[in-house]
Amino acid sequence: MALLEVRELSRSFGGLRAVNAVSFDVADGSITAVIGPNGAGKTTLFNCICGSLASDAGTVQFDGRPITGLPPHRVAGAGIARTFQTVRICGHMSVLDNVLLGRHLRSAAGMVAGMLALRRGRREQEQQRAVAMGLLERLGIAGLADVPAGGLAFGQQRAVEFARALALEPRLLLLDEPAAGLNMHESAELADLIRATRDRGITVLLVEHDMSLVMGISEHIVVLSNGQRIAHGPPREIQRNPEVVRVYLGDEYA
Amino acid sequence: MTAEHLLQFVFSGITSGSIYAIVAIGFNIVYNATGIINFAQGEFVMLGAMIAISLDPFLPLPLAIAAAVALTAGIGALVELLFIRWLDRPGVLRMIVITIGVSILLREVAHHVWGESVLSLAYFTGNECSSVCILGACVSPQVLWVLGVSAAIVVGLTLFFSLTLTGTAMRACAASRPAAQLCGVQVRNMVAIAFMLSAAIGALAGCVVSPITQTRYDCGTSLAIKGFTTAIMGGMGNSLGAVAAGLIIGVLESASVIALPLAYKDAVAIAILLGILFFRPSGMFGSREAGALREF
Amino acid sequence: MPVGVLALAMIAVQLLCAAAGVDYYLTQLTMVAYYGLVIAGLCLLMGYAGQISLGHAGFFAAGGYATAAITTWNLAAAADTPLLRGAAALRLVLRLTDPYGREVVYLSPWIGLAVAVAATALLALLIGVPVLKLKGHYLAMATLGFGTIIYRVVLGARVFGEADGISDVPPFPLLPGVIVDGARAVRTVNFYVAWGLLLAALALIANLIHSRPGRALRALHGSEEAASAMGVDTARLKLHVFVVSAVLAAIGGVFLTHFNGGIGPSEAGILKSVRYVAIVAVGGMANLWGAVTWSAVLGFLSLRGYFGSFDDAVFGTILVLVMLFAPEGVTRSPYVLRAVAAIRKRVAGGAA
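Residue numbers (our numbering), protein chains in the order written: chain A, 1 to 254; chain B, 1 to 296; chain C, 1 to 352.
Derived by calculation from the structure, the hints in this document are not laboratory data. Note that this is a predicted model, so its numbers are computed, not measured. Where is the CB? At the ideal position from N, CA and C, for every residue including glycine. A hint or two may mislead.
To be verified - Some chain C residues close to chain B (C-beta under 8 angstroms, calculated; not the full set):
#, residue
1, Ile52
2, Pro130
3, Leu134
4, Gly136
5, Met141
6, Ala142
7, Gly145
8, Gly156
9, Val274
10, Thr317
11, Leu324
As the list claims (entries may be wrong) - To be clear about the criterion: a stretch of chain B counts as covered by chain C if any three or more of its residues have a C-beta under 8 angstroms from a C-beta of chain C, and this derived list gives those stretches:
#, stretch
12, 219-230
13, 267-278
Isolated chain A (complex conformation):
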């Protein structure tokens, strides 16, 4: 049984079938990539899995339990963290605070405890701060902890979002185009980071355009085109698949 099982997932916008009966598995402890030309439905697929978009049909099972149709915060509670294509961090909060947001589900202080600044709450805050700082150190941005996140460079913002997602202690990490806007050096660092994350026991599913990154780190690749899955398999097979080549490069190269 795979960690994530997507079956016949479909989502339309008006007359457009953005995702059309897509099925695939994500094996536990693997790095899986979803690729496809622009408009293939990759981000819509992600959004359906994470709950920010409702699917029209199909099911998603995570660790044996159905998560289809759950709202995003419940999906997060099940153990799935995600990053966004356009970085969604809170600009007016510090980097540390942004990462601490990821610890929300791992801490418990409620509104009353918060207002009264109870000792239990404060101790919990200290512990969470330590965890968050550890993550920032691992990503090499510990020095930026108190900087307002809005003023950071794009690559640094991506790192903050990554740290925040890791802070959730997820079993599955969904990365939406993590290499977009990164140069070759940063992409290589990202590849190392993703591998290190997988080595720590977190399964990774990513949507990506950067082929060298995808081919370099993925164990399993799913190819979408016009909302449908047209191929899946290890990188070597995908590279040789004529359908995939045709979809990306046109008929002359098939």
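Using the hints, position chains B and C against chain A.
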């Protein structure tokens, strides 16, 4: 409850409903051109009537009304110039609050110029005692004026938006601002025209209904709320929907006195507003996708 | 820390007033503190949770009217029932004599406070669930609509005194020697009660903002999607904050009603709601201290009548100017900052 009674309520309802529809159309024109909901729309109605009332002793009635409409249109242009024009892609919240502030300012200016008195414009034909009997219900001839002027406004605007170059340019702005700009449309001027147009029709509506409902410096606010309800109910941006919605709301409000104490009559429109916002924010005629097509 | 600073400042203000012989200023300053509770709650809602409310005066009035209606409800006829005798035993009943020598029995303001808070919390829950699903214009209009409904209800209902409101509301004895009352003799005590209450509320809010739910709240304002993806139940959080802000407003309403000895329908009107929004905007939406300070200054000037008949116009103008030139609050306006920088440069140049 006789048929005449019922008909009386219906007439009263479609009279006030027509005004709500005109206010709603005013909202729609500005919304279509800018995406902004101009809370000061109700104040334009009030100002039109008040200015006409002040000019009435000095000018023949039609001229006083024409002057009032023109002056209010000028105020509309001024509002656009001072508060809207130079804002750079403002957020929704900011615009809501600004237009509320503008409506308060206009209201307080009116408060200081005309005081707290309840005023009304002279009847266009006849006086407060004349009545015309239709199908057994007797109404003031002013009611016919209201219905006639409202219909004329709707027809006039439809013709303007479909037949004139300016109207088409405004519809282009509503559909896609950048595309319109690329075609050479002066979008800023279109926005000013939108404000002037909505102010003008508001003023005209205010003048024609003033003999029946009377006017006070603070009558703009409740008109704005009811006009907004009408606009949403008809589908934001859809002016023919606004007409239908206005008539429905007017009649419901009028008929509510059968069941509710008079003091709660004003709350009927708000209850309708809340009902729509919660259950069908796209309005009676709006579909969710059509909401994106903001044309007249 | 700012709580301490504000506390010291208010003590200084009181001593100054006593020294300058303008003790009567304390009355307006006390009222301003109670309005400050509304502002604090609204700041939390608008600035931190990012939800606009154009009907918050409705919650203030709900609290005030609830306690006014309860504490002026003559229960002399039922005075011998077991329920009231039990309440009397708990000291929750006031027995007074009216000007005609008849005995009147009122429920204690503590019950008024409890009912006001419970009723307003319930109201906010009922209103919040559907309203907070809306966004932008629709949210604003829905809150406006609810505020107007509350206004129409208190204006039209006999039990709320219709257009005259409710008067002869009894003072609120809090502790032996500490009574919420507008009488001159207890002016100073009331000043400290009011500001103590406000400062306590501010301290609680400040704590909240720095805690786990406070972070979730700030994240909600920054990016609702991100907060949701990190496990924050955004709908529930918005609702909780809405209720907290409503209850704060209601508490302000309760205390002010007992201080003033009455309440009228204008407290629920849209002009009041707009005024509150204007003050939060001026201070900087998410700046609690700024909002409270501006509230105190503008409120004081307004209550002392310095704006004359232009009162509403002034707040309307402030609202427009702030929204045009300083939407992040006066202290963060690019125009103000540029002016300050220019002045600094000139001073530095002059000193060199």
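Verification of the supplied hints:
Restraint check, Ile52/C versus chain B: the minimum CB separation of about 6 angstroms is within 8 angstroms; hint holds. Taking 8 angstroms as the C-beta cut-off, the interface hint given for Pro130/C holds, the closest approach to chain B being about 4 angstroms. The interface hint given for Leu134/C is met, as the beta carbon of that residue sits about 6 angstroms from the closest beta carbon of chain B, less than 8 angstroms. Nearest Cβ of chain B to the Cβ of Gly136/C: about 4 angstroms, under the 8 angstroms cut. The hint holds.
This hint holds: Met141/C has a C-beta 6 angstroms from the nearest C-beta of chain B, less than the 8 angstroms allowed. Interface hint at Ala142/C: satisfied, since its Cβ lies 5 angstroms from the closest Cβ of chain B, which is below the 8 angstroms cut-off. Checking Gly145/C against chain B by beta carbon gives a least distance of about 5 angstroms; that is within 8 angstroms, so the hint holds. At about 3 angstroms, the closest approach between the beta carbon of Gly156/C and any beta carbon in chain B falls short of 8 angstroms, and the interface hint on this residue holds.
With a least beta-carbon distance of about 6 angstroms to chain B, the hint placing Val274/C at the interface is held under the 8 angstroms criterion. Of the supplied interface hints, the one on Thr317/C holds, with its beta-carbon coming within about 6 angstroms of a beta-carbon of chain B, less than 8 angstroms. The restraint placing Leu324/C at the interface with chain B holds, with a minimum CB-CB distance near 7 angstroms, inside the 8 angstroms limit. Given a C-beta distance limit of less than 8 angstroms, the hint that chain C covers the stretch 219-230 of chain B holds, as 3 residues qualify and 3 suffice.
Only when three residues or more bring their CB closer than 8 angstroms to a CB of chain C does the claim for the stretch 267-278 of chain B stand; here the count is 7, and the claim holds.
Checked against the numbered hints above, the structure violates none of them.
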